[in-house]
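Student: First to last, the protein sequences are chains A and B. My numbering puts the first sequence at residues 1 to 603. My numbering puts the second sequence at residues 1 to 249.
Derived from the structure by calculation, the hints contain no laboratory data. Where hints are given, some of them may not hold.
Not everything, but these chain A residues come out facing chain B in the computed CB check (under 7 Å) [claimed, not checked]:
hint, residue
1, D42
2, P43
3, F49
4, Y230
5, P232
6, N385
7, E396
8, T486
9, I487
10, G491
11, G506
12, I508
Quick list of in silico lysine to any residue cross-link-like pairs, SDA-like style, CA-CA up to 20 Å [unchecked claim]:
hint, chain 1, residue 1, chain 2, residue 2
13, A, K55, A, I14
14, B, K66, A, E504
15, A, K150, A, Q197
16, A, K237, B, R159
17, A, K130, A, K94
18, B, K104, A, I490
19, A, K237, B, A214
20, A, K313, A, R281
21, A, K73, A, E99
22, B, K104, A, E241
23, A, K318, B, R159
24, B, K158, A, F41
25, B, K158, A, E241
26, B, K66, A, N377
27, B, K165, B, R195
28, A, K313, A, L262
29, B, K66, A, D505
30, B, K26, B, M36
31, B, K66, A, Q507
32, B, K104, A, K313
33, A, K237, B, K196
34, B, K234, B, A214
Note that beta-carbon positions come from the ideal geometry of N, C-alpha and C, so glycine has one too.
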Amino acid sequence: MKIKLCGLKYSKNIKELVQLPLDYAGFIFYPKSPRYVGEEFDPAIPAMFPESTRKVGVFVNEELQSLLEKGEKYQLDVIQLHGGESTEYCRKVKDAGFELVKAFQMNESFQFQSLKEYENVCDFFLFDTKTENYGGSGRKFNWKVLEKYKGTTPFFLSGGIGAQDAEQIKQFTHECLYALDLNSGFELQPAKKNADQLEIFLNKLELESMKKDKFAVDQRGYYGEFGGAYIPELLRKNVDELQENYLKILGSEQFRKDYARLLDNYVGRPTPLTKAGNLSRRYGTNIYLKREDLTHTGAHKINNTIGQILLAKYMGKKRIIAETGAGQHGVATATVCALFDLECVVYMGALDVERQAPNVARMKMLGAKVIPAISGNQTLKDATNEAIRDWIANPESFYLIGSVVGPHPYPDLVTRLQSIISEEIREQLEKETGNPNPDYVIACVGGGSNAAGAFYHYLNERKVKLVAVEASGLGVDSGETAATITIGDIGFIHGSKTMLMQDEDGQITEPYSISAGLDYPGVGPLHAHLAVSGRADFLSATDQEALNAAKVLAESEGIIPALESSHALAVLEKMQFKKDDVVVINLSGRGDKDMETYMKHFA
Amino acid sequence: MNRIDQLFQNKQKDILSIYFPAGYPKLGDTLPTLQMLQDKGVDLVEIGIPFSDPLADGPVIQSAAKQALDNGMSLQLLFNQLRDARKSITMPLILMGYWNTVYKFGVDAFLDECKKTGIDGVILPDLPLEEYTEDYQSKFEAAGVHNVLLVTPQTTDKRLSIIEKAASGFLYMVSSAATTGGALQASKEREEYFRKIAALEIPSLIGFGIHDKASFQHAASFSNGAIIGTAFIKALEKGQANEFIGSLS
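In isolation and in its complexed conformation, chain B is listed as follows (with noise of 0.2 Å):
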């Protein structure tokens, strides 16, 4: 069974998912966050795919990006780091990145290391679903990799629905309408939102603003928990990766 459905299968409340590109903020750092990530009891990792142009991203995962590529990552290399993480990693893995780093890949390529590492899911923002249902879906479920959709405040109901469908693994409910790193503000709509969200069968994590334990439980009383990325890279960056998950519970 793919861990991801696991995970959900086992843990309905307070997951916690951790964002972190690939090489970052040294090149040889992915599997020793990983490792740290689990002995920390994170449920579920977000691996970043270094990409020259983040569109959805803001000022931090932008610079942190610019950093692994300038460290030397590269889709390959991130494969190649994680051939041997099965031997230890056994929380789900996701890698998200943008449509242009896997197509250059090669999708085929790039769902058969997926399989060869244990990947269980991508999030690739910017492979608008019409193209993801059409030309790509069977592959990826052939390769038992979910691939995890995004949904905003923005989007239409009649949307939802279509989305709902296609989603595979667990929905990403993004807070609000910025780029990554933002605020979480509190609002009777948001709430709303979250509620309309949780109640479908699929299950989901709000992402987008969430920095600390306050965030953190506010965010996952509304679903089944959460995604960290901004705040998480901050203290890589100052070298408190370890201390900023303990303060997290």
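Only chain A is shown next, with the shape it has when bound in the complex (with noise of 0.2 Å):
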């Protein structure tokens, strides 16, 4: 069912509203309403709504040209007549391209064959409680009536519906109903509505469209089109088991108090959310920084590998395998298995053991065997290979991956266990602005597990912008990159359907980039639906763009960020805020493991 919000005239108001998921607003363009949107009404007000939210205009009896006139001003998208507007002046309306909505007013005698003639002419009709003028009565009518009403033609319900109303509309059906028209019955004055009682309401609906995880993965593990888990079949017993697991333990009391109580003594959360303020000055904003740097380990993968082993701890695995690029999900992993005594093989391109030799004598020093991968171009995406082959060949051990990407429940557990860092921000964003909801969220991109975890809560928040941030490396266009979305197109990685660099016959492509966490040919399929349906915006920063980045970060806040983290950091450069922006940077990680490459560039 499509919930229409009618009646609408204020932009602070509105801006309340924005967040619900309202398929339609409407605005009255007729002089006598209460509602009357005015004589100088400004277009950029139902230009608020996201795309999604379709704006009606309701007219009576209005002059045909003023009213193509007005729906062209305001670049309406239906037309909803009050009137007594003939077929002949519907046809008309609809012929300018406007879908069309025909009101009637019912009462018990209301003769239905009378809306034959408009059967073919209205997109939809809407039934309203008779009175004497032209509806906005405030009362409902008696839905009985309904049952008389035989056409084809889908209808909106209306007259009166109020937040006492829930359950009598979830007891009425009928199988034109297509919509609910909502106007006084939520409001706090004529025109003001009053979000939070409509959110409560809603809320009570049950609609699809209400359910907080509306960018949550679905029965079958797909993020719209993007997900799934395309995996040989000798996976099948161990991802069904992992299926069919992960939700309940997740959820059981015994691992929340374990999780919450390692992340609070063992990992150091909550991370400190800092006010940048030189930063802020030289961008002419205000920016915070979620300190993912701060926690042990110095980067936000071990959110993740301490719900993984916590979970397969719960599931009786004896033995963990991981794969790794730079080292810090290897060393992360490597980390939880010493604390919880568990035998720990980690995957690593034989390429990328020469480059961060740091991390494997970590790794090696946390007592974890370091397996180079010598398959393929002996990167991140090989040592992912050759986790999985290991795990197809010990179907009794775990398989730790450290981002969102692989196969179904992979995304989805990885983002939930890395949520806990949108989860601080609204709390500490609240505690300091008073509002939990910033402008911006900007996180950097590869498989994409701390922008999953920086975007977590704000995916229905439609106020709040996601800007995912991929590494370009030497340009997008150079052919040495690891800016999956720009370039990328649809393609199977890693047991996931997502966006992927290949060449025209399928076969996947190296990717670059000076960041060793970033260069990853594929992205969790997460990030390929919000970037397919427009929620997140997916900017690139090019090496230099990084580097230069660190710099400013080390020189104006005294933090060294990670390198990966610093591709977040450059977009700061190209992009334009306002002066009471709120823009939140998830800092994904601290740069120690960097400094070779930045004295390289700054000595």
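Using the hints, put the two chains back together into the complex; each one sits in its own frame.
Tutor: Laid out in structure tokens, this is it:
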């Protein structure tokens, strides 16, 4: 069932309402209505709603030319007619390209035959309570009369629906019921809607669109068209076992207690949200840094490994397999394996083993076995292949994946475990500014786990702009890049349907970035969905831009960021912010591991 | 009639199936190798579509696939090479590859080429059964191309009955939990698993770990026959393909 909210007018009020999943937003262009938008109505006000909310203009016996002009001026999608408009008039509105709703006033004696002639010309009917005027009674009519409606044109149910009617609406069934038309039942004063009351009401209706997890994975592991579990039959039992167990375990009280305790006392959470004063002045806005660099092991990766190691333990697993690129996830995995006394095997591209010697040493000191992946190009992609092959050969092992990639349920599992980042941002921001929602959340994306965590609790807050930053290496068109969303197309990698860098023959190509944590040829399916649906903006930063941004942060705030996080910082140069904007950047890791690279460029 | 069905109708025991990647060891080797295998009496051939990231394969097939790609092999080139194969090749032919290559090629175009070149079946290990049955099964059936499905020792009975329903041609019975190229060790449970699958109505071939006459005969005693891949590729590499096939019977 769709929801239309009608009688809107005030921009400040609409600002609160855009977060709700409204399918239609109605503006009344009838001068005698108390909710008339007025002569000087600003076209920017309807445009505040996202494109997914269709804009409806409500008219009563308006002169046709004037109606069409207003339709154009206010970019209306739908025209709703409440007067005695003829079918001929309706036809002309329809021919002008608008969707058409014709309202009819119901009472016990309404003659449904009179609708016949409108059936072919109207997209929808709207059934309102009969009044002396043209609607707006604030009263309900007896919905039982609609049993007599045998037509096929879907209708909007209107007339005095209020917060107390949720149950009755859920009971009411009619095969042509298409939408609810809400107005005066949710007002503080005419045209000023009560957003909180509306939200409670919509929640009570249990609408599909109200489900908090609109960007959550579906039953079969898809985010929109992306995700799934494209795995050989050899892995089916393992993946099924995980699919069946992960939500049960993550939701259990014991897990939540253990996980929270470890995050607090071992990882060092909550991590601070630092107001970056100098950076804010530099960019003329309000910049906050979410300090994942201050966690144990120095990056957000440990949020995930702590959670998965608990899961593995609850599932009775004794041997842990992981893949790693730069070694951050490998170190975080070796760390938790040491803590829980579990055998740990880390696959790492042979080339990366050479490039990231300090992390290899850390893993070894923590007791992990590091196996160089010598297949393919000997980097993260190949390490992941090897880890999966190990899992095939050792189905009793637990594969502890490091990002929001892989077959379902891994993307969802890792997203949930990283969501602590945005959970804390909300609390901290509310304390700091009085509003849990920033204007922007910016995070870098390789596979996408830190971005998934930083975005998670904002996915359904449509006002919060989500910005994902990919590594474009030497430039998106240079052939030496890791900007998957920018240059990739749909494909399948590591068990999931997503965006991917590949050649014309479907061979997966080797990515390049100065940052080992971002050079992955795929991207988590959630991010592919966020990109395609337009929920997040995908930008990119080159090696050089990231290096520059690292230097700026080091010199202005006294923080040396990881090269990965520097990509997120780099887009500050490219974006325009307002003075009162609140911008949160997820500082996913610290730069110690990158000192050699930094020194090479800055010494 | 599909040549795979014909094969299983005419022969129930000791079916020998050989796997090798297209364009390996040299780009132009696909067709000569097929001819040699047919001349040596091989019953069925699986031609590998080389892929950059073959998840279910061990190191030998991986590196053979990489070499084929380095040689310039591609799916389109493979179809071009097979264009005239049916003038002399009468064995059933199967293409084995990963879903990304086929998806990128375009499923309709792929099936069209299969029809044109006389491909009888495909093995796509990472295309999930559910996706196949919902989105593609009717297309494959219309093209007369069997989608050969895998079963493994981990496959549950419940899933086995679903697979059996959707399967066509034969079942590819994976001998053990491993990527390709491992060794096959005899065990009671394994034999039980082989017997369970062999009891199904649909024919089955055993693959993974079959590498010589003894392991072939052992596997073939539980099923309609067996598939040899890695060991054959090693022989190809050494230039002893002919002798290797000869040694199997």
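Student: Do the numbers back the hint for A:T486, that is, is its least Cβ distance to chain B under 7 Å?
Tutor: 18 Å, violated
Student: Would the stated hint for A:I508 survive a check requiring a Cβ distance to chain B of less than 7 Å?
Tutor: 5 Å, holds
Student: Starting from A:K55, check that the Cα of A:I14 is at most 20 Å away, please.
Tutor: 13 Å, holds
Student: Is the hint on A:D42 kept, meaning its closest Cβ partner in chain B is under 7 Å away?
Tutor: Where the cut-off is 7 Å and the nearest Cβ of chain B is about 47 Å from A:D42, the hint is violated.
Student: Can you verify the interface hint for A:G506: is its Cβ closer than 7 Å to any Cβ in chain B?
Tutor: With a minimum Cβ separation of about 3 Å from chain B (threshold 7 Å), the hint on A:G506 holds.
Student: Taking only the CA atoms, is the gap from B:K66 to A:E504 under or equal to 20 Å?
Tutor: 17 Å, holds
Student: Is the Cα-Cα distance between A:K150 and A:Q197 20 Å or less?
Tutor: Since the Cα atoms of A:K150 and A:Q197 sit roughly 34 Å apart, the hinted pair is violated (cutoff 20 Å).
Student: Between B:K158 and A:F41, does the CA-CA distance stay at or below 20 Å?
Tutor: Distance of about 64 Å is beyond 20 Å: violated.
Student: Between the alpha carbons of B:K66 and A:N377, is the straight-line distance 20 Å or under?
Tutor: Cα-Cα ~10 Å, so holds.
Student: Tell me if the straight-line CA distance from B:K104 to A:K313 falls inside 20 Å.
Tutor: 40 Å, violated
Student: Take the C-alpha atoms of A:K237 and B:R159, compute the straight-line distance between them, and say whether it is at most 20 Å.
Tutor: 10 Å, holds
Student: Classify the hint on A:P232 as holds or violated, based on whether any CB of chain B lies nearer than 7 Å to its CB.
Tutor: 4 Å, holds
In terms of the numbered hints stated before, the structure departs from hints 1, 2, 3, 7, 8, 9, 15, 17, 19, 20, 22, 23, 24, 32, listed from lowest to highest.
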